[in-house]
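Engineer: As a plain string of letters, each chain reads:
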Amino acid sequence: MAGHGHSDSGHQPHVMSIPALLATGGALMVLTIFTVTVTSWDFGYTANLVVAMAIATVKAIIVCLFFMHLLYDKKFNLIILVLSVAFMLLFFSITLLDSDQYQGDILITNPMPHEAAAAEGGAQ
Amino acid sequence: MSTAAHGGHDDHHAPFLAHHFEDHGHQFDSGKLGIWAFLGQELLFFSGLFCAYVIYRGNHPEIFLQGSHFLDVKWGAVNTCVLIFSSLTAAWSVRCAQLNNQKGLILTIALTIACAFGFMGIKYVEYSHKIHDGLLPGKYFNPSAQALEKAGLKVPAVNIDGSIVAEPAPAASEGGEVVQDTREPVNRRLHIFFSVYFMMTGLHGIHVVAGILVYLWLLKRAIRGDFNSDYYGPIDFTALYWHLVDLVWIYLFPMLYLIH
Amino acid sequence: MSTLATPSSGDAGHQENYLNHSSGIMNWLITLDHKRIGVMYTIGTSLALLLGGVFALALRTELLTPGKTIMDHDTYNQMFTLHGAVMVFLFIIPSIPAALGNFVLPIMLGQKDVAFPRLNLASFYIWVAGAAFMLYSLFVSPIDTGWTFYTPYSSGHSQTAVISAVTGVFILGFSSIFTGLNFIVTIQKMRPAWMTWFKMPLFLWGLYATSLIQVLATPVLAITLLLLICERAFGVGIFDPTLGGDPVLFQHFFWFYSHPAVYIMVLPAMGVISEVVSVFSRKHIFGYKFIAFSSIAIALLGFLVWGHHMFTSGQSAMASVIFSAITFTVGIPSAIKVFNWLATMYKGSIRLDTPMLYAMSFIFLFTVGGLTGLFLGSLSVDLHLHDTYFVVAHFHYVMVGGTINALFAALFFWWPKMFGRMYNEAMGRVSALLVFLGFNLTFFPQFIMGARGMPRRYYNYLPEFQSFHVASTIGSYVLGIGIVVAFGVLTHAAFRGKIAPANPWGAKTLEWLTQSPPTFHNYEEVPEEAVEAYDFDDLEYDPQTDGYTVPGRAI
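Just so you know, the sequences run in chain order A, B and C. With the first sequence counted from 1, adding 593 to any position gets you my numbering. With the second sequence counted from 1, adding 5 to any position gets you my numbering. With the third sequence counted from 1, adding 3 to any position gets you my numbering.
Source of the hints: derived by calculation from the structure; they are not laboratory data. Computed from a prediction, not measured in an experiment: that's the story for all the values here. Not one of these hints is a red herring.
Under the rule of at most 20 Å between Cα atoms (straight-line distance), these lysine-lysine pairs were calculated in the PhoX-like manner:
| # | chain 1 | residue 1 | chain 2 | residue 2 |
| --- | --- | --- | --- | --- |
| 1 | A | 668 | C | 192 |
| 2 | B | 135 | B | 155 |
| 3 | C | 192 | A | 667 |
| 4 | B | 79 | B | 135 |
| 5 | B | 128 | B | 79 |
| 6 | C | 350 | C | 286 |
Next up, chain A with everything else stripped away, as it sits in the complex (with noise of 0.2 Å):
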């Protein structure tokens, strides 16, 4: 049935080509392959996990620009993303900023689950 198409509202849905597709899912696993490779550098404890995230950031938004089509879509929905993103940094950062400023007064008074299995079997 013909009838009604998105260019109702005065808009053409942007398609993805076969090579834009294939070309994407390629980075991706290539940036797969380089994301293990990469931890046989060793750059220090916290360049390894700053290394880790960058890489796994690109990745990231290869998938929203292309797969998930941000690229192409209304400007709104990227800003949905962003601010979902922003909101889980903000409750991470002051957490960790919070939770860091104790840490030193914590003392633990009780054996821990496998201390206490390995107390009991004997085992060492």
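Starting from the known structure of chain A, fit chains B and C onto it as the hints suggest.
Structural biologist: Same frame as chain A, but now just chains B and C:
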């Protein structure tokens, strides 16, 4: 997103166009905004677990360094590639719907579902190894001797008040050599790593299963011929959800498996 | 344009409207009509209010004397927990958005329905499912953890049905999320062409800001509760100190949602007040843009202050200082609204009908509540006031003095539209007076008690506080009677009230320019002619119907 045909004056409306929308384009745009709002919400849903990860890794990095030794990078990487491929097929299914390619639509949806099953299969293998090795979350954490052996760890002896029993100086053996115990002690909070691991991958797995169920329903509808270039909202929106599931895993993989 | 008989001559019981559009219980239970869903929510949340009220009266009765009055200490813990949990999660979070928002929003936009009607119905049934879990826990072993479920008591030590109650709350969260999602899309995508953002009624700005919070904050509650369930069921150890976990982390997680949640409770209420104050002062709302932007500002700033619930919890000094500072800023947009409402009333032609009485109550009581929030936001003062009755009084002033008064203002305001019948004005005013007097008698003494050191949630107390408790308990009974009277008046009106015209108040938002009760479709065609929502000059009063019309429009 709405597919209800409404009785009465629907004769001039296309099927699957709800009565409160002007046209398919309006319905599609609204559905798209709706699914993005839902995805934003899903991000915040996972955020609690990511926050727990950030807090514990930020304050006790050794837990995660030790914990990741118990995870098999190979399976994690394979699963990542499986999900990326399924994202490709999901995005392709949208293209097929947009171009009225019914056969392609059915095939790409079926492939996406197959990949999802593959992912869950690998997860099942990983989980069963962990359960077998006693690497369970929280209070059930009781690593088996083989698991400890393989990772070069030992559980330190602990007093009843939680303090660690001091290691006696290594005694000299008869040959006059000092035998050093090179095994690292298990971190006191290592069970928290497994709590975080199981909660994050478990919740992610539940989302994969939910995606499978929705895609199965879409497969049925696609076979029935419901979708075409005018009406393919559910395909597009489910694919967006699926890409989010992929996105979460893209972060989980390095966060859990590749710590060094 | 409606092709039906002019409603001014019609009998609400006989002309075609959404109530008589189809009959039979099934046509209500599986309806996709936002109006029927709104009515079902109204009934559900009102029952929740009454249930929560019963727990309140029980605990207040216990507090008449120090030591045991009618129940033992464990039961008392359950009473205040259930009062809080039922009121917060079953009643106040859904109330105005889901009950009145659902009914009014699409009609205010000249639309036939919300964007996703089936999601709307799903949201209602999810609410019912959440309620079922919570009620089930009531019968198995009522929870006693406090509505805030703090660990490690809730995750390890409490012997009550925590998991089923928390599962209920988890489910209710999704009801809230889906409502918010629906409203965001409806407001953004389904406005008439002439209704730009700044031509929208302010109630819709309030609902939009609320929906933003619902979608962004509620999922964090969901994951927090899921973690709590896993902690309790599987001992995952994230919050439990005996497992190396961090109980303060639970509080960060919990309050990251629960602070924005209080703005979910109050923003729709403020939206209602903007509508009612303007109509009953017969004057254009003062400072429209300020009120609109302040709703968004409250929604966003509300996410930055959650630590002010945790000043004494072991939170670091640095975080506490940051949260205290930002808490001072979040009061500013609310104050802007209060000033704008007062400026609207100034030199207006004020009618003291029931909705306006409740609205004026709101302005006064919310201001008291808001100002006392500043005391609590001051870090040093809060060290003395935290966990005292001062806190209890503060949040009841904003939630009951605020939201519940706005809820009644909204119910009395929109009731003639929902049921096509007028309520008894004299009795409506009586209810407003009883609620105002009862409320102040209940909660004002609590400010004094709290400042003098009476802790909250305590079963036993020093004899010096008894007179305050007695006054508070008497007040609670008066408040309870007032609320029952209000519901009685409304229920009576729905079935036997005098037939109402389409526009009894002389309002200009689109829901008033269609018949009462609305037809199934609200508007057959989206209205093409722009309407100024707060311009009352072009209304004409028709003494025959006791209603208002706009010349040139069918209604």
